[in-house]
Amino acid sequence: MSEELRRRSSGAAESETGETNKLGTAESNSSRENLQSNLRDSEIDSEDDKFGRKGSIDLSGSIPSGTDKAPSVLDQMLQDLPDKWRNWVVRGIFSFLMLIFFLVVIYGGPLALMITTLVVQVKCFQEIINIGYSVYRIHGLPWFRSLSWYFLITSNYFFYGESLVEYFGVVINRTDFLRVLVTYHRFISFCLYCGGFVLFVLSLVKKYYMKQFSLFAWTHVALLIVVTQSYLIIKNIFEGLIWFIVPVSMIICNDIMAYVFGFFFGKTPLIKLSPKKTWEGFIGGGVSTVVFGFIMSYVMCQYSYFVCPIEYSETLGRMTMECEPGPLFRPTNYKLPEFMCGFLTTFGLPDSVSLYPFMLHSLSLSIFSSVIGPFGGFFASGFKRAFKIKDFGDVIPGHGGIMDRFDCQFLMATFVNVYISSFIKWDSPQKLLTQVLYLKPEQQLQLFHMLKENLENRNILTPEV
Amino acid sequence: MECVVFVYIPNVYNVKVCHIVLAGCNKLSRICVCAKLSKHGLRDKVVIQLMDETQEKRKPKSWTSWLPVPRFKSNVIRRTITGFTLFFYFYFVVYCGVPLILLHALAIEIICHNEIINIALKAKKIPNIPFFRTLNWYFVIVANYFFFGEAFSEYLDIFVKKYYAINVLISYHKFLAFCFYFLGIICFLVKIRKKLIRQEFSVLAWTHFLLIIIGLQCYMIVQNVFEGIIWLILPVGLVILNDIFAYIFGKLCGRTPLISLSPNKTLEGFVFGGISTLLFGTLLSYIFCHAPYLTCPVRFFGKSKRHSNEHISNIISIKVYPFLYHSLAFSLFASVIAPFGGFCASGFKRAFKVKDFGDLIPGHGGLTDRFDCQFLMATFVNVYIWTFIRTAEVDKIYQKVFQLSIDNQLKFYHLLNESLCVRGLMKN
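Residue numbers (my numbering), protein chains in the order written: chain A, 2 to 466; chain B, 665 to 1092.
Calculated from the structure, these hints are not laboratory results. Just so it is clear, the structure is predicted and the values come from calculations on it, not from any experiment. One thing to keep in mind: the hints can contain errors.
What the hints assert, rightly or not - One-sided and incomplete, this derived list gives chain B residues near chain A with beta-carbon spacing under 8 Å:
1. 836
2. 851
3. 854
4. 856
5. 917
6. 919
7. 920
8. 1008
9. 1018
10. 1019
11. 1051
12. 1090
Where is the CB? At the ideal position from N, CA and C, for every residue including glycine.
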């Protein structure tokens, strides 16, 4: 009934331009037409909109969808299967391929991870911006495409520069040429941004003001979502590969487990936005994520490849990932709470358990990921629903675009970064050393002597004879 | 007299379906409208609201109409009076000290945010959904909590550590702000309505965009103020001077238009305004340099309740003021790039077909009209300070060493020793 109402109301709106002439007296015809044309003018922004677009936006024609596509090789192999099964097989194959790719990249080390993050980020930005172009139908203005890409490059330069300055600053301070780029890095990227801003203002075209401003806002929001969060991913990687791998796998596990539990036990729907998600899937997925996170962190804590932060060591003269595991990654004894102690000792079991402290952190990380994961997915599906598109793109057959796979990961990376900076003490002797190396040589000596005096006073350091 | 009839369908939350123009507001026309609608089967479902056209166009009375200010015909005199009032008001604020300045920065940010988002939503014809406007303010509060937490934890840590509640709020500000933000997103997703889903995403996107544009600049202004009040006063003064001089020169000898966006701006005004800004700006900074109240960075000392300022000696020395070189760079930026912020705002007003951002200041329009160029300038000042002026301080690092455990302190000592010896700064 409401659908009919909407159709009729939009029909009524569109026929009003024809009908108004029948109402009213003849004398005020001309003034009425004036008013009518004024009203009409105020609603169109350019010649495109002359015939009105009052209903909702439907972009299903302009954004390609990847869920039902499959490469031709697979198509031939799976010709005889019914459609539904074929989709599942394609999806399964590509999930497996993505997992293998992920493992290869981890094996490749931090540099491979940084490059992959950059590529993923650019592709996600492209997909979001494509939607923006289709919404505002701005294909006619070539300037604008280049401007969005210019802003992407500028913000990437700024963010990657920030992380490079922090971690490679020590190396770079040695060579004079790179030192200029490092010291003035913020200033240079700000000038580049200003240049982009000035170009934007100069490129405003009379009839397209509203569209250009809307797309400007769209670009900035897309940059905020994509670029800031990939910068935080890189920062997490520098803390230790484990801070990247464990959250990512938690989100993947939560996705898969929620689906499995929903498939077998799903009954009560969770949210109006995604009718296919159920409470049973949500809770089941959450519990299994916690268990999985526990096991995975136990396994990973034992390898220094994953655990060590990436730092510069003076002795070796380069960046290393070998270190002594920090206090978070050494087994410590935890005493179990009182009420369990008595129970356990009667059975002759020990009353304290030896855990890696990281496993407790992984507990909180997994609880958050089982909440963030689904809601990030709801946000993305709400967004797709608003514009009536099925997928963000068609890069991955069976799954859709890259943004479809990575929508929850971005928010999780932000959370991990916030968690690390709030609860896990950043400062280690090496980190402070990198900060000291920024001081002038006289200041460094001053610091050294002040420190020496203080340590000797407190008898921590025995004065040399 | 012509009438405009607005037709609403109540279920779809007051979304305006169409408007029909009638020749007159008499009963006959109303009957005709009803007849027309019943033809389409909409008669019973529709609320017809007859509105006088003059009623539509009449703006609500501005608060200034109650002031006993004589209404001069000329706009220039009105603008000048308001300008002077504003000037004295801000002089008073600066005189009162840093906390009041920060409070005003926050208030200005919120008012500008409010003005712009009102315009954007009205122009895009997004219906006024109360819950989503509340959500907008919720996000603004969370973002400002995050920014102020960052600023306080960096500069005012002694003050922060005194009271336990504030200590918790500020030390964990990142985590708490993230949790509140995510809670807001969850509420957004739960309360989303399928029919208005695109408009609701629009509101969310505008909130985020305005937070980047305005909220972030407010944080930068706060950071600038902590480096010394002059880093706020001088850029603001330069932009105002540039505005006034460009206007004067434009009126005196303006001929060639500068940019199609703002037909009132002329090339002569731009160039001569720029030159006079350079001259007068240098003079202004020379005057400001003499006041230690303005030049000293803000630090908090535990003994007294008020903040005290201490002298920076590497920026200001008695005979020569290196600060004047910096002020030259600022004047250059203020005269060349900052006007583009003004052009952008004019373009925005044109795009959304409004004359002013609001009506808070008589003669000038809304608050955003006055502060549009300032935002870009504040960002430039912040980046400039960070790059050229700030140096790492020995004291800060020294204090950080004592937060390590004792083993780590010893370890740090040995590492530092080794590093200094390796680089030849010290003999062992």
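Against the structure, the hints come out as follows:
no. : hint : result
1   : 836  : holds (5 Å)
2   : 851  : violated (11 Å)
3   : 854  : holds (6 Å)
4   : 856  : holds (6 Å)
5   : 917  : violated (24 Å)
6   : 919  : violated (21 Å)
7   : 920  : violated (16 Å)
8   : 1008 : holds (5 Å)
9   : 1018 : violated (11 Å)
10  : 1019 : violated (14 Å)
11  : 1051 : holds (4 Å)
12  : 1090 : holds (7 Å)
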